[in-house]
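There are 2 protein chains.
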Amino acid sequence: MISEKDYKLGSARSSIRELFEYGKRQAEIVGAENVFDFSLGNPSTPAPKELDDAIVELLSKNDSTKVHGYTSANGCIELRTAVSDSLNRRFGVKSNPNEFYITCGAAAALCCTFSAISGKANAEIIAIAPYFPEYKVFVEGAGANFKVVSPDTLSFQINFDELDSLINENTAGIIINSPNNPSGVVYSEQTLIALSDLLRKKQEQFGHAIYIISDEPYRELVYGDINIPFVPKLYENTVVCYSYSKSLSLPGERIGYVYVPSEAAESERLYAAVAGAGRKMGYVCAPSLLQMAIAKCVDSKPNLDDYIINRQLLLDGLTSFGYECAAPDGAFYLFVKAPGGDGNAFSEKAKQRNVLIVSGESFGCKEFVRISYCVSTKTVKGALPIFKELIEC
Amino acid sequence: MISEKDYKLGSARSSIRELFEYGKRQAEIVGAENVFDFSLGNPSTPAPKELDDAIVELLSKNDSTKVHGYTSANGCIELRTAVSDSLNRRFGVKSNPNEFYITCGAAAALCCTFSAISGKANAEIIAIAPYFPEYKVFVEGAGANFKVVSPDTLSFQINFDELDSLINENTAGIIINSPNNPSGVVYSEQTLIALSDLLRKKQEQFGHAIYIISDEPYRELVYGDINIPFVPKLYENTVVCYSYSKSLSLPGERIGYVYVPSEAAESERLYAAVAGAGRKMGYVCAPSLLQMAIAKCVDSKPNLDDYIINRQLLLDGLTSFGYECAAPDGAFYLFVKAPGGDGNAFSEKAKQRNVLIVSGESFGCKEFVRISYCVSTKTVKGALPIFKELIEC
Numbered sequence: 001m002i003s004e005k006d007y008k009l010g011s012a013r014s015s016i017r018e019l020f021e022y023g024k025r026q027a028e029i030v031g032a033e034n035v036f037d038f039s040l041g042n043p044s045t046p047a048p049k050e051l052d053d054a055i056v057e058l059l060s061k062n063d064s065t066k067v068h069g070y071t072s073a074n075g076c077i078e079l080r081t082a083v084s085d086s087l088n089r090r091f092g093v094k095s096n097p098n099e100f101y102i103t104c105g106a107a108a109a110l111c112c113t114f115s116a117i118s119g120k121a122n123a124e125i126i127a128i129a130p131y132f133p134e135y136k137v138f139v140e141g142a143g144a145n146f147k148v149v150s151p152d153t154l155s156f157q158i159n160f161d162e163l164d165s166l167i168n169e170n171t172a173g174i175i176i177n178s179p180n181n182p183s184g185v186v187y188s189e190q191t192l193i194a195l196s197d198l199l200r201k202k203q204e205q206f207g208h209a210i211y212i213i214s215d216e217p218y219r220e221l222v223y224g225d226i227n228i229p230f231v232p233k234l235y236e237n238t239v240v241c242y243s244y245s246k247s248l249s250l251p252g253e254r255i256g257y258v259y260v261p262s263e264a265a266e267s268e269r270l271y272a273a274v275a276g277a278g279r280k281m282g283y284v285c286a287p288s289l290l291q292m293a294i295a296k297c298v299d300s301k302p303n304l305d306d307y308i309i310n311r312q313l314l315l316d317g318l319t320s321f322g323y324e325c326a327a328p329d330g331a332f333y334l335f336v337k338a339p340g341g342d343g344n345a346f347s348e349k350a351k352q353r354n355v356l357i358v359s360g361e362s363f364g365c366k367e368f369v370r371i372s373y374c375v376s377t378k379t380v381k382g383a384l385p386i387f388k389e390l391i392e393c
Numbered sequence: 001m002i003s004e005k006d007y008k009l010g011s012a013r014s015s016i017r018e019l020f021e022y023g024k025r026q027a028e029i030v031g032a033e034n035v036f037d038f039s040l041g042n043p044s045t046p047a048p049k050e051l052d053d054a055i056v057e058l059l060s061k062n063d064s065t066k067v068h069g070y071t072s073a074n075g076c077i078e079l080r081t082a083v084s085d086s087l088n089r090r091f092g093v094k095s096n097p098n099e100f101y102i103t104c105g106a107a108a109a110l111c112c113t114f115s116a117i118s119g120k121a122n123a124e125i126i127a128i129a130p131y132f133p134e135y136k137v138f139v140e141g142a143g144a145n146f147k148v149v150s151p152d153t154l155s156f157q158i159n160f161d162e163l164d165s166l167i168n169e170n171t172a173g174i175i176i177n178s179p180n181n182p183s184g185v186v187y188s189e190q191t192l193i194a195l196s197d198l199l200r201k202k203q204e205q206f207g208h209a210i211y212i213i214s215d216e217p218y219r220e221l222v223y224g225d226i227n228i229p230f231v232p233k234l235y236e237n238t239v240v241c242y243s244y245s246k247s248l249s250l251p252g253e254r255i256g257y258v259y260v261p262s263e264a265a266e267s268e269r270l271y272a273a274v275a276g277a278g279r280k281m282g283y284v285c286a287p288s289l290l291q292m293a294i295a296k297c298v299d300s301k302p303n304l305d306d307y308i309i310n311r312q313l314l315l316d317g318l319t320s321f322g323y324e325c326a327a328p329d330g331a332f333y334l335f336v337k338a339p340g341g342d343g344n345a346f347s348e349k350a351k352q353r354n355v356l357i358v359s360g361e362s363f364g365c366k367e368f369v370r371i372s373y374c375v376s377t378k379t380v381k382g383a384l385p386i387f388k389e390l391i392e393c
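Going line by line, the protein sequences match chains A and B.
Following my numbering, the numbering of the first sequence begins with 1 at its first residue and continues without gaps.
Following my numbering, the numbering of the second sequence begins with 1 at its first residue and continues without gaps.
Honestly, the hints are just simulated from the structure, not real lab data.
One or more hints might be untrue.
The list makes no distinction among identical chains, and a pair is therefore deemed to hold if it is satisfied within one copy or across any two copies.
Said to hold, decoys possible - Lysine-lysine pairs mimicking BS3-like chemistry, simulated, CA-CA at most 27 Å apart: (1) 66 x 381; (2) 388 x 349; (3) 136 x 120; (4) 233 x 381; (5) 201 x 337; (6) 201 x 349; (7) 61 x 296; (8) 8 x 120.
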């Protein structure tokens with residue numbers, strides 16, 4: 001009676017994880033210094049020192065049963081207050097702590113939100129390619145159908161004609177991700193306004209709210225003078241899913257949140273449904289010590305110097321070799337057009353030289369490959385000559 | 001399109017949480033010293049010092065990107081190895097680290113396991129009353145049907161005649177919990193052997209495996225010279241769900257595991273399905289820093305002296321006042337027959353006096369109330385005179 005669906009999900013790892021595990025095995029064979037692993041979005045820069053200091057201080061100055069004890073299911077009030085204050089200050093919104101549900105990272109935030117908005121039979125959630133491949137797993141895990149708008153491989157903004165044609169009476173939400181994994185592209189204000197206008201029109205047509213689920217783990221990771229619009233200010237029915245994994249360099253610690261603004265349609269029912277979804281999946285609370293530590297440094301940033309250096313080295317190198325890539329304004333990814341136009345073949349070819357880059361296929365954009373530059377600069381420098389050979393041979 | 005099921009789960013809190021939140025509000029009104037909160041299973045004894053020391057040492061001696069980075073989805077090898085070695089040493093089993101899937105606590109472990117074994121339409125999972133009420137939420141969240149064997153309120157072992165009649169071709173597993181929440185009772189070896197014999201007979205009859213899911217967060221919390229049989233040694237198709245919440249006093253940190261012994265039917269498929277279930281619910285990995293810290297002290301115990309004192313004070317006091325309670329061999333609960341025979345009424349009556357005890361109704365045993373004695377001894381001493389009045393008036 002074992003679940004065939006669960007078995008398949010557990011035995012066929014995500015292609016990213018697969019490549020990462022391959023890299024670990026390969027490192028044992030040829031030496032770690034000879035494997036150039038650009039597979040995972042695992043920050044390479046340390047967490048800010050004040051985060052570790054906060055952990056040590058919490059342990060030394062507080063009752064153990066408080067720092068290691070259950071928090072409320074929606075998170076400790078210290079963190080919810082700190083997050084709310086921070087967003088209010090930074091983006092001029094008027095949130096309050098009760099609009100935040102602290103989660104075990106963005107993945108949990110997304111799973112809870114997808115389930116909460118998919119109450120109708122045949123509910124559909126639409127992603128815009130290129131998209132993080134686990135979205136499909138999470139949407140289908142929540143019992144909804146997953147639809148994809150094919151990528152605009154010139155601008156990597158949104159193909160609105162196709163989106164328009166995909167929205168129907170079953171559409172519960174659109175998941176967007178800017179700065180984008182895998183493209184590194186930031187959606188412009190113009191794009192987001194056009195998206196809002198389209199959704200308002202469709203809401204009227206179909207008579208129910210269509211939520212934007214704004215997945216924002218890379219919100220703080222932008223390069224140059226780029227404006228990242230805060231989506232709830234442009235579209236009222238927005239639910240923000242956030243993670244500190246990338247912004248504080250602690251992806252293993254699993255702390256994020258769902259923000260359901262009071263302006264969103266049926267916001268109280270929606271918030272309760274998010275919490276209920278978390279409950280049925282066994283999310284009792286997010287890890288307590290880390291919740292309390294992050295509350296003390298929600299606005300901290302790790303040192304991004306390495307990402308800036310790596311990004312520039314790769315951009316300059318790859319374009320000088322003849323590669324083309326999407327506008328690399330944010331996150332820590334370059335999305336590069338595969339020489340020959342086949343991301344799978346190029347990823348495989350690179351793998352033969354121990355350069356691990358993920359084919360765009362699993363992101364819904366098979367002509368590209370993703371290079372995660374959250375690695376050591378040594379890895380970037382070591383790989384550049386191989387990238388040169390790969391486009392020449 | 002908001003999910004009505006999720007909304008209900010999120011707006012109707014568990015009765016335990018409800019009472020706990022009430023206690024917090026009431027403490028603000030009448031003073032914390034006048035509220036005697038026996039509602040929650042939140043350990044009152046600090047985590048062992050070596051656990052906090054391990055956290056501080058990990059932070060100071062290791063690369064930040066390692067301690068705060070993603071672990072493998074099934075957990076870091078250090079913890080899986082430590083757990084496997086510990087069980088092999090303590091129980092004489094022959095496990096290996098690849099049979100363990102580290103989870104965000106027992107709740108996640110249960111949700112993953114319930115989903116993994118419930119692949120068949122109309123799958124059923126049977127609990128034995130009294131049972132932890134969230135089992136129902138987790139089983140139904142996994143898409144299975146929840147069945148209950150009514151309690152044997154004399155011995156609080158298993159009502160085998162009723163269990164026998166409930167098992168059918170849809171039965172995927174039986175969830176057991178010993179030492180038991182809420183009764184504090186430990187299942188005897190005789191009970192577990194009888195259960196195994198019954199399930200083997202039923203497996204043959206229906207032609208498929210029927211798993212025991214052994215939920216063991218209280219395994220280390222026993223009083224006196226009591227033998228806790230290790231269920232996988234008695235029944236081959238056992239899946240163990242464990243949590244360090246109670247044994248290391250860190251319920252907020254969310255670290256536990258699923259142990260799928262290689263002896264279990266289709267163990268490799270089952271293990272993969274557990275991992276797949278975790279993946280679809282957004283459990284990327286369990287919190288990394290705590291995984292690594294626990295790896296250094298899997299066999300540590302918090303100081304249980306307070307529980308021993310509280311248990312004895314309550315047992316002696318309550319029985320001298322005329323209360324009757326289940327054999328209190330483990331966990332940190334007393335399950336007490338409500339004077340008058342109505343757990344709801346008695347819980348409500350106690351609440352009026354600011355003594356917070358949970359009605360047995362939500363555990364499937366409405367004649368009883370649960371007293372969690374993981375509280376300060378001062379709370380116990382303060383409440384005893386009120387318990388005396390409550391049975392007299």
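Against the structure, the hints:
Proximity of residue 66 and residue 381 under a CA criterion of 27 Å is satisfied inter-copy only: 22 Å between copies versus 46 Å inside one chain copy. With identical chains, the CA atoms of residue 388 and residue 349 are at most 27 Å apart within one copy only, with a shortest distance of 13 Å there and 78 Å across copies. In this homomeric assembly, residue 136 and residue 120 come within 27 Å of each other (Cα to Cα) both inside a single copy, at 18 Å, and across copies, at 22 Å. For the identical chains of this complex, residue 233 and residue 381 are neighbours neither inside a copy (41 Å) nor across copies (54 Å), given an alpha-carbon limit of 27 Å.
Taking the shortest alpha-carbon separations for residue 201 and residue 337, neither the intra-copy value of 35 Å nor the inter-copy value of 60 Å comes in at or below 27 Å. Taking the shortest alpha-carbon separations for residue 201 and residue 349, neither the intra-copy value of 46 Å nor the inter-copy value of 55 Å comes in at or below 27 Å. Taking identical chains as interchangeable, the C-alpha atoms of residue 61 and residue 296 lie at most 27 Å apart whether they share a chain (14 Å) or sit on different chains (23 Å). Taking the shortest alpha-carbon separations for residue 8 and residue 120, both the intra-copy value of 26 Å and the inter-copy value of 15 Å come in at or below 27 Å.
Hint check: violations occur at hints 4, 5, 6; the rest are consistent with the structure.
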